[in-house]
Amino acid sequence: MPQTYVKVQCMHCLYPSCVSACIVGALTKASDGAVVYNPTICIGCRYCQIACPFEIPAYEFHEPLTPRVRKCEFCTDRAQGTGANPACAASCPTEALVFGRRAELLDMAKSRLKQRPDRYLDRVYGETEVGGTSWLYLTGRPVQEIGLLNLPGTPPAQRTEAIQHGIFKYGMIPIAFYGLLSYLMWRNNPQREEFSGEAEARDASPKPDAKGGAE
Amino acid sequence: MSTSMHDDNPHRVTKPFFTFGTLTLLIFMGVGFAFGITRMLLGLGTVTNLDNHNPWGIWISFDVACGVALAAGGFTTAALVDIFGRKKYHALLRPAILTAFLGYLWVAIALSFDLGRYWNIWRPIFHWQGNSVLFEVGMCVTAYLIVLSIEMSPAILEGLMARLNEKSWGASLLKKVEMPILSLYAAIKIILPMFIVAGVVLSFMHQSSLGTLMLIAPTKLSALWNTPVLPILFLLSAIMVGFPMVILESIYANISFGRNPEMDLLTPMARIIPWFIGAYGAVKIGDLIVRHNQLNLLEHPTATISLVIEILLGIVAPFLLFLNKAVRRSMGWLFFTVSLIIFGVILNRINVFLVGYNPPYSTKAYFPSIGEIAMTIAIVSSILFCYRIFVTFFPVLPGYVPTTEVQLARMREERARTVSPFWTWVIRGAAIACLLAFIGLYSVVHIEAIQASVRTVEEVRRIQAQEPAPRAPAESVYALRPSAYRNFYLLDSALLKSKADDYEPVAFSHRIHDELTGGDCGMCHHKYSADESDRVGTDIKMLHNAMEIKLGGPCSACHDDMAANPPQSCSRCHGLPNEPDDPTRIGLKGAYHRQCIGCHERQLKPASAPTECAACHHPWTPDHSILVAFEGKPNPQEVTRTCLSCHPKVGQDLLKTAHWNWKGYSPTLVGYEHRTDISLSLMVNNYCVAIGSNYQQCMSCHIGHGGVSESFDFSNPANIDCLVCHDTTGKYRKDPSKAGFPDPSLDLVAIAQKVGRPTRQACGACHFYSGGATNAKHGDLEPALAESNSPIDIHMGALNQRCQDCHTTIEHRIAGMSLTAPAVEGRVACEKCHGMTPHGVAGPLSRHLDDHIRNVACESCHIPAFARVAPTLLRRDYSDAGKDRPEGSDKYGMPEYSKKFGTLTWGKDVIPTYLWFDGTRNAALLGDQINPAAPVVLNAPVGERRNPAARIFPFKVHTAVQPYDIENNTLAMPNFLEDYWVNFDWAKAIMDGMKRVGLPYSGKFGFVETKMYSAIHHGVVTASKALGCSDCHSTEAVSCQRCHKNARGMDLPANRRAVYPEIKKRFDFEALGYSGDPAITGGRFLTPMGRGVPSR
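So the sequences go chain by chain: A and B. Using the numbering used here, the first residue of the first sequence is number 1, and each one after it goes up by one. Using the numbering used here, the first residue of the second sequence is number 10001, and each one after it goes up by one.
Hints are computed from structural coordinates only; laboratory data are not their basis. Worth double-checking, as some hints may not be accurate.
[Unchecked claim] A few chain A residues that don't get close to chain B, going by computed Cβ distances all over 10 Å:
(1) Gln9
(2) Pro57
(3) Leu121
(4) Thr139
[To be verified] Subject to a maximum C-alpha distance of 25 Å in a straight line, what follows is the list of computed SDA-like cross-link-like pairs (lysine to any residue):
(5) B:Lys10527 to A:Arg112
(6) B:Lys11011 to B:Ser10879
(7) A:Lys110 to B:Ile10540
(8) A:Lys7 to B:Ile10597
(9) A:Lys114 to B:Tyr10592
(10) A:Lys169 to B:Val10457
(11) B:Lys10088 to A:Thr94
(12) B:Lys10541 to A:Tyr183
(13) A:Lys110 to B:Ser10879
(14) B:Lys10589 to A:Tyr183
(15) B:Lys10088 to A:Trp135
(16) B:Lys10550 to A:Arg116
(17) A:Lys7 to B:Ile10540
(18) B:Lys10589 to A:Thr40
(19) A:Lys7 to B:Lys10541
(20) B:Lys10527 to B:Thr10584
(21) B:Lys10527 to A:Tyr183
(22) A:Lys7 to B:Asn10052
(23) A:Lys7 to A:Met108
Beta carbons: idealized from backbone N, C-alpha and C, even for Gly.
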């Protein structure tokens, strides 16, 4: 089997887990499709590394004060306003790396699959993986042989976001829960006693108990 | 409630503070925080075993995740006592709240060691990211820490209030703030219930969210724990572990303070626990059963074992134990059972965060480093230590003394109790506002996040739509990004550019590739574009199909006018990569590489179709102006030493080369095939006769410094003259009288800073001027070859090739052979590039021309004449030298006579002499006997017609009349430079010269006619200027109809052209050994008619 070279970089997922995971929004999906990093507000929790299904974000573990998350950013600065290619695609001598609009690239990939069924397996890697990625691969070997992962079609972030927003939507459930507990507290303390260890009533306590959160 | 022995009210612990236990804790803390400081100074990578695949270690899984879980005693006990009104447990509440408070506090501290940019820890407060589970955890933990401090504050304030009566300076200071303390105490009492409830709600929120945290990595988290109910499991297990933590802490604290644990409270509390274990266990095991077909128990055996332990020891065993009344009543069993539960929860958190986390690309499994473990021990020690401090200074644990501090505090509180109902409601209102604000903010964050998610989904849907977006040039201008992102990119930098330009462009040979493709140009030229504006083109096959022409043969069969109408260039369509108007069209560079590499990879002989970058592209020489620096003006040897300091191997290589030693392996020298000692100095020529007698002048063409005599140190690399070949400025020149040293006026630094691959000019600096004058010796090597686009040689002119493109070099050994030099370090042949069928496949004459290849060297036809620009010397007559005759000027402007050399004969556009040559040659060496009766041939190509390896090559013949020793019959070696050209006395000059070379000399000399050959290889012209058939053969002999009886149309006059019709007998076939014109009489390998038996 001849050697197959695989370029590995941030896939710039359409539904990026790292962006969903980032606690401060230091990772964002830019309007041109790139997932970009803002070190200024990053707190260095490395949850993005946990979240990324491709294990792409790299961390400057040996930087004591200002470590950064490092990953492909589609050459933010170059593409800025100029429409220039990312450096990798610009310098690739055989144009194995092609840069363009995703729909067009997908079109191109599909037509190549049609033209060269002998050369490529009938799969555009990245078309549906974790909800679709911005890097697309055509390969003549099964993806797991060349170190790419077989990944589900649903974005992982969708599940956690569903859980989060399901529980905390408009704060409804916490508020309701607060109300319930307040009611229980009111009901279970008929003497309108003091709380927090002041169980034994010695002094007359004129205060009614609180129902702060019931509003 | 006055003076009972057992007082449930909290009291300070009055036992001695510094004991063995606290000192041990201090030592643990010291060791651990030493690692902590190291992390702050040198970074996480130094202290921890974390890497890019395992970014979270035990500082997260244990310090944070377990820390939060184990602090659950605070909210569970608060709920039990205050919300569910089980007042009897209130004695356990303050220790539980303290434990929770310290737990969360140290979670935050531990986290700041783990965060890479801990100084940014406040950022989440201002940068909301509601989609992030971690944001949810972070905000809730922060809020709960505030709640816990409110819940803790009564104990602190009571501790302060009780001290008001003491007689110390501290108390007198406190006295001054008595009123604020009392007011605060009263206010907190008012708002406390609200925050107790808030604490429970917040705990529910973040305990469950901790479980959601790892669900974002479903492909990494083992299926054993990867379940959507993981948040519920985390919440239930936190609730489950709350009371066991209170029991553990109570038993441990009381024993260590020498008290009796409050078994009367702990035993009933233990009765509640099995319900929680049951709830957690039911959901957990139920979940595993429901998901049983997702589980692969064998995938990660460690994880499976860990899960089994977690369930058996952490859920099943304590559940069964707690059902037993005796267990609940025995302090020892109780301690053991709650320990099991706590262990189970810790193991569960570690399982989810570490054991079950299996990143597929991870190369090594994570195990905590010593630093991580020490830090973790230090964090636990710190919690215990802080607990000890707190219970010493503040009333936390239930006391035994008659008047508790709480009672003392309450007495004082009387004054504060006079808070008016108005202020009570103000305080209460403020607290309500805080809670509302938190909830409001929280909702906003989530609404925003939900909207962001919706937007993303819509965007994804739009992007995933199959229809390509309509192309509009304006759209290629990308949206602006925040300026904060514009940081530290080195792209578009000089570095990247210099990497791309590391290689020279390929010198692509259409000729070779035409032959290899069988003349099918369409293999590369796959599309036709009618004009400049058409950058898409029409497919060649479709184009020809439309004309009903079947492709496959040589294109030139039809397109015979390609020289006049060159095909369109690749760049008509292929331009920059990824051009927005049509991204499917690859750029020029990509087009070239993709066209080449496929065929190159498929070739059977990889050597002839290389796939390495450097095999087609020559690497550029780096700019030496930044590499080479000297102080002052270096001498030539210092320059060489500087070169060798970076290229030491080159120096050693060069010491073995013929250019350095002027001798070497001489496999083509007949009689000396296996010798390596035949030096150039042993050769005799008929120009200045020999090196040995004229060392100093000859050495000015040696690639060394200072060769004045045979004593020259050939083993010292510092004597190498690097610049004479590698100068690209064209300024470097050796001083002929300085024995190989350069002209002292040269700026060697400037030249050394501009070194590069040898140019034609650099090689020509010696080779164009050999024989003492421009082009005097070789005839085919003249300065015009160094000019760009020179018409006299196709390779060096139009193709701008360098000498070393044909004279390939290996470790500075340069291929090529001169008939006048003994050593050969490799051969040059046209066939190496052009093959044995170089005349194309399409032309009517191709086959006939290719039939010549085995008989006639390419040079014979393709170099019709030599000395095209500079005249070459054809004869010199030393016998009449030394006379004061006028030099004169011949028709080329060259001197006809020289006092130094005698009569000279020059030639220009000389027609070569054609001889058989099989690649070996004879040579006259110093001291060889000669026969003066006939012209002495000093070197002669070997070969004759019947030698199948021999072919007809063009030669220049140089004749001379030169002195010889008439007694010994050896050629004389006069010393010209110092003797003859000064004194013009042959006798003395020969005497001196012969002494120098160490040959016997009789003292009597005469003159003899000598002859020297040099092969003509340079000055190659293209087919249109090369010899035609009729230049050698008679016109009738090459008539097509002689064989092709029916091929009337083919018989074009051009096929029988003669380029030099005035030159008769260019090939003297009889002299070459043929019986007549081989086109008629038959060649060596072919019959006159067709291909068959070779004629002899």
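For this session: Provide an ascending list of the numbers of those earlier hints which the structure does not satisfy.
Result: 2, 11, 12, 13, 14, 15, 17, 18, 19 and 21
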